[in-house]
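Asks: Here is what each chain is made of, one letter per residue.
There are 4 protein chains.
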Amino acid sequence: VWLDGFHRAFLRLEHAARAASVLQLGGAVGTLAALGPRGPRVAGAMAAALKLSLPDIPWHASRDRVVDVGAALGLVCGALGKLARDVSLMAQTEVAEVSEGNPPGEGGSSTLPHKQNPVSCAVALQAAHRAPGLVATLLSAMPQEHERGLGGWQAEWETLPELFRITAGSLQRMARLLETLQVDASRMRADLDATGGLALAEAVSMALARTLGKAQAHAHVERASRKAVDDGAAFVSVLRADADIVNALGAELDALLEPESYLGSSDAFIDAVLARRETDERRRSV
Amino acid sequence: VWLDGFHRAFLRLEHAARAASVLQLGGAVGTLAALGPRGPRVAGAMAAALKLSLPDIPWHASRDRVVDVGAALGLVCGALGKLARDVSLMAQTEVAEVSEGNPPGEGGSSTLPHKQNPVSCAVALQAAHRAPGLVATLLSAMPQEHERGLGGWQAEWETLPELFRITAGSLQRMARLLETLQVDASRMRADLDATGGLALAEAVSMALARTLGKAQAHAHVERASRKAVDDGAAFVSVLRADADIVNALGAELDALLEPESYLGSSDAFIDAVLARRETDERRRSV
Amino acid sequence: VWLDGFHRAFLRLEHAARAASVLQLGGAVGTLAALGPRGPRVAGAMAAALKLSLPDIPWHASRDRVVDVGAALGLVCGALGKLARDVSLMAQTEVAEVSEGNPPGEGGSSTLPHKQNPVSCAVALQAAHRAPGLVATLLSAMPQEHERGLGGWQAEWETLPELFRITAGSLQRMARLLETLQVDASRMRADLDATGGLALAEAVSMALARTLGKAQAHAHVERASRKAVDDGAAFVSVLRADADIVNALGAELDALLEPESYLGSSDAFIDAVLARRETDERRRSV
Amino acid sequence: VWLDGFHRAFLRLEHAARAASVLQLGGAVGTLAALGPRGPRVAGAMAAALKLSLPDIPWHASRDRVVDVGAALGLVCGALGKLARDVSLMAQTEVAEVSEGNPPGEGGSSTLPHKQNPVSCAVALQAAHRAPGLVATLLSAMPQEHERGLGGWQAEWETLPELFRITAGSLQRMARLLETLQVDASRMRADLDATGGLALAEAVSMALARTLGKAQAHAHVERASRKAVDDGAAFVSVLRADADIVNALGAELDALLEPESYLGSSDAFIDAVLARRETDERRRSV
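Chains as they are written, first to last, in the numbering used here: chain X, 1 to 286; chain B, 1 to 286; chain H, 1 to 286; chain V, 1 to 286.
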């Protein structure tokens with residue numbers, strides 16, 4: 001999921017950056033009049049020298065391409081922010097399924113020595129917090145006056161570089177995070193088991209439906225789920241105390257409550273995302 | 001310039017809308033586990049039935065495609081806002097080069113009967129004012145939690161439709177405006193003439209440079225320009241009082257001060273924009 | 001902390017709303033000229049009839065008071081969003097220290113019956129996500145033209161009511177939440193104990209400092225903390241295995257690791273917040 | 001109008017800055033536990049030493065006071081942006097009622113020597129464009145986690161200083177502008193006269209109403225206004241050709257068409273704004 005969202009945002013940025021690499025040469029009022037009939041030829045030569053596309057018309061006050069780069073930077077910050085949000089939630093002391101794996105001396109807390117602050121997530125979340133306002137500034141400056149904006153144009157000068165800066169910072173931190181991320185699989189498993197199999201209620205319900213019918217199956221499982229929650233009992237114990245369920249499922253019940261047996265199409269999804277990434281990378285390197 | 005900017009923004013919107021027309025079907029946690037091995041086949045059939053693309057992986061909490069549609073709507077509002085800004089500036093009582101040409105009863109002022117308010121521009125500028133904040137909301141909601149966001153997802157529910165609404169309103173108004181716009185060419189010409197040819201100082205300077213050299217030419221024209229501004233005199237009169245200029249340019253001077261003779265590459269630019277529009281329209285209608 | 005932040009934001013809103021309850025009556029161009037010398041008297045009577053303040057000067061294009069109301073609504077949404085953020089974090093399945101205590105049928109999940117979604121928090125977080133963009137719209141519309149803005153003024157028409165709506169929704173939900181919130185004190189205690197007393201490392205360090213000196217005390221506690229984290233051991237066991245610590249603290253150690261004994265000035269802070277609230281409520285009811 | 005709006009925004013900023021000058025001292029988790037029973041006394045002494053107010057409770061994750069300062073900076077930028085918008089509109093070549101009066105070498109255009117760019121307005125409008133997005137960032141970061149935000153807090157670090165910087169720049173430029181602003185009263189009068197008295201149609205209508213009744217008066221004036229606009233004739237000539245109007249008003253007509261005679265309560269309004277400013281300044285200097 002993280003790669004899928006990030007990959008798409010990154011392609012958007014690449015596309016927007018390429019589309020915005022366009023010569024702006026218009027002379028005093030955008031007509032190239034001072035160059036006489038040689039205007040287009042001069043513009044063409046200048047674009048070639050700068051490796052920029054040649055626009056159909058000077059665009060000094062048509063800021064869509066510049067703003068689109070900003071919006072794409074915002075999308076990248078948002079996609080990285082999603083990754084950082086998830087990691088920071090899983091890194092909470094009470095969850096502890098992952099930690100950033102920072103080098104010693106980074107992210108520690110002097111007064112609370114057991115705390116390992118997810119400082120890279122903080123950088124990415126900070127960027128995701130700031131990008132929206134900066135993109136809004138670029139968008140709000142689009143209705144620029146005549147051939148040269150007054151104030152709107154100038155509002156881009158600090159804003160677009162700042163968007164690049166925070167995106168770069170977020171990228172650099174999240175790239176490192178993915179290399180150092182510590183995943184505690186046993187803790188993940190323990191968190192799954194903590195609800196005594198409740199997370200797999202759907203699997204049980206689906207299997208039951210084959211013999212009891214869908215409505216009966218759902219009623220049985222819902223009753224068992226509520227009982228487990230209300231009594232603080234393990235879901236599996238409640239299920240085993242239900243004769244109808246035991247009769248219908250028998251030994252299959254234990255297998256149904258194994259998370260590994262209920263991954264659905266996850267592998268197919270993961271393969272598809274990785275394949276897309278590889279294909280696109282190959283195309284880019286051509 | 002208006003068409004160039006708008007056309008590009010509109011293509012962006014079309015592209016973003018197509019890219020976002022993607023099936024979202026993931027079941028309880030995004031694995032399609034309840035469908036067992038038939039998951040991908042069911043998803044494929046559902047996408048086909050709904051005429052949506054099939055994604056590589058469920059994307060409930062990867063909002064980039066949705067946000068990108070919002071950003072593209074913002075670009076359209078901004079491009080239309082630029083048009084509206086220009087028209088409203090030209091429609092000022094003191095400029096009066098264009099008016100919206102509204103049907104009777106629309107845009108009038110009861111207390112100031114000579115005023116014709118540019119009400120369509122107000123609609124488009126209002127949309128351009130509101131879009132940035134709405135796009136920022138979508139962007140800021142991207143870092144959604146795990147497989148289902150809490151609050152961020154819900155923040156899109158009112159925001160995206162509102163962006164569509166204000167974009168549609170702006171489009172409808174600006175489409176009508178371009179059909180009814182009254183252009184007062186004689187007033188435009190009078191406004192150009194009001195500076196006694198100062199707007200063409202560059203043309204004179206370029207012509208002078210052929211005989212006097214660039215530096216001398218610029219110095220002569222700058223001196224004449226300042227004198228015209230300071231004395232409130234017509235630029236042409238000041239030029240004619242400068243023997244060097246008269247010697248160098250002779251009868252050419254009058255022609256140089258005709259705006260029509262100093263349009264540069266405007267026609268080529270306009271043709272290029274129109275041709276692009278036509279090509280793209282043809283491609284879209286295929 | 002929640003009450004402190006909310007109370008202040010709410011007072012800000014009250015103040016801004018009162019300051020914005022000001023008559024706007026200026027006639028065609030803001031001079032009240034059509035009323036002749038009676039202008040101020042008419043304005044005074046109208047303000048009295050409407051229970052509004054009389055402004056020093058018509059303010060049709062000076063939007064600060066209106067925008068300030070919007071900013072105050074944003075602050076209220078933000079303060080409530082902080083409450084919702086904290087509750088939603090504590091309501092996570094893996095933390096489970098609180099739940100919203102919604103009436104039956106609200107917040108449930110059909111496929112995951114053990115899940116109780118914090119739906120009220122979702123409403124407040126959605127409002128906190130949306131308010132910033134709406135406030136930005138109001139702020140960006142402030143530079144309005146002459147005596148009547150074109151587009152900027154109109155941008156307020158939908159935006160300010162929407163801010164009121166989402167603030168009201170957030171307030172209503174958070175008010176109910178605080179009435180129904182289920183706090184699981186034993187789970188809170190268990191989460192505290194889960195780190196084997198690490199959260200109280202500071203208390204131990206402070207007590208040790210009295211005999212070992214500050215530097216020595218800190219070194220001992222830091223070493224013990226790291227060992228506890230690295231070995232997955234209970235902090236208290238590691239401490240008890242350190243002869244220096246046992247010698248210095250003796251029986252006091254157990255008491256030091258009781259969270260109840262390390263609340264600092266919490267009670268004084270809470271009393272101060274409640275007293276402020278009461279005083280302000282009394283003043284408002286006068 | 002400019003002073004009225006700015007003065008209010010500036011007082012808001014002063015008030016918000018004072019309200020935010022509050023000690024933050026909470027220790028590791030906001031309880032001051034490490035200070036034992038001396039916590040409040042230490043906090044009190046520290047606040048006194050730093051000339052800060054003592055809060056009821058530590059506020060590390062309650063950002064309303066900080067955000068409120070940002071919102072007030074946004075209001076100041078907006079109020080100055082309104083001034084800049086008006087000046088830039090009046091400084092247009094076709095209106096030319098004011099110019100910035102910049103020192104030589106500032107705001108000039110090399111290719112268009114008669115142009116004097118309103119560069120100070122550009123600075124203030126740029127600030128007014130950027131402030132809304134920055135304020136939105138601060139607002140969106142309010143729902144911070146527990147006792148220390150992750151990402152939201154960090155998002156303030158660059159944003160608030162940037163708001164101070166752009167506000168300071170806008171203030172400095174607008175302060176200078178008001179000292180150097182060149183007002184061309186004769187051009188203002190000419191622009192008023194350009195509509196042949198149409199701007200005073202209301203005055204004529206009011207005077208006519210005394211003899212013809214309100215409805216008749218309005219009908220006469222509206223007819224004359226439309227005729228003047230449609231024929232491009234001077235309003236005064238059309239009025240003089242209407243026997244009813246001449247009979248009713250006689251020699252009074254010319255006086256009615258003098259703008260100076262139709263200023264309404266302007267002077268009273270101006271006096272009230274200046275008096276308010278003076279009173280507040282006196283109070284501040286105490």
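Calculated from the structure, these hints are not laboratory results. Honestly, I wouldn't trust all of these hints.
Intra- or inter-copy, both count: the list cannot distinguish identical chains.
Keeping only pairs whose Cα atoms sit at most 30 angstroms apart, straight-line, the calculated BS3-like set for lysine-lysine is [as the list claims (entries may be wrong)]: (1) Lys51 with Lys227; (2) Lys51 with Lys115; (3) Lys227 with Lys214; (4) Lys227 with Lys115; (5) Lys214 with Lys115.
Asks: All hints, please: hold or fail.
Replies: Comparing the hints with the structure gives:
no., hint, in the structure
1, Lys51 with Lys227, "neither (69 angstroms within a copy, 43 angstroms between copies)"
2, Lys51 with Lys115, "neither (51 angstroms within a copy, 33 angstroms between copies)"
3, Lys227 with Lys214, "within (20 angstroms within a copy, 53 angstroms between copies)"
4, Lys227 with Lys115, "between (36 angstroms within a copy, 13 angstroms between copies)"
5, Lys214 with Lys115, "between (47 angstroms within a copy, 21 angstroms between copies)"
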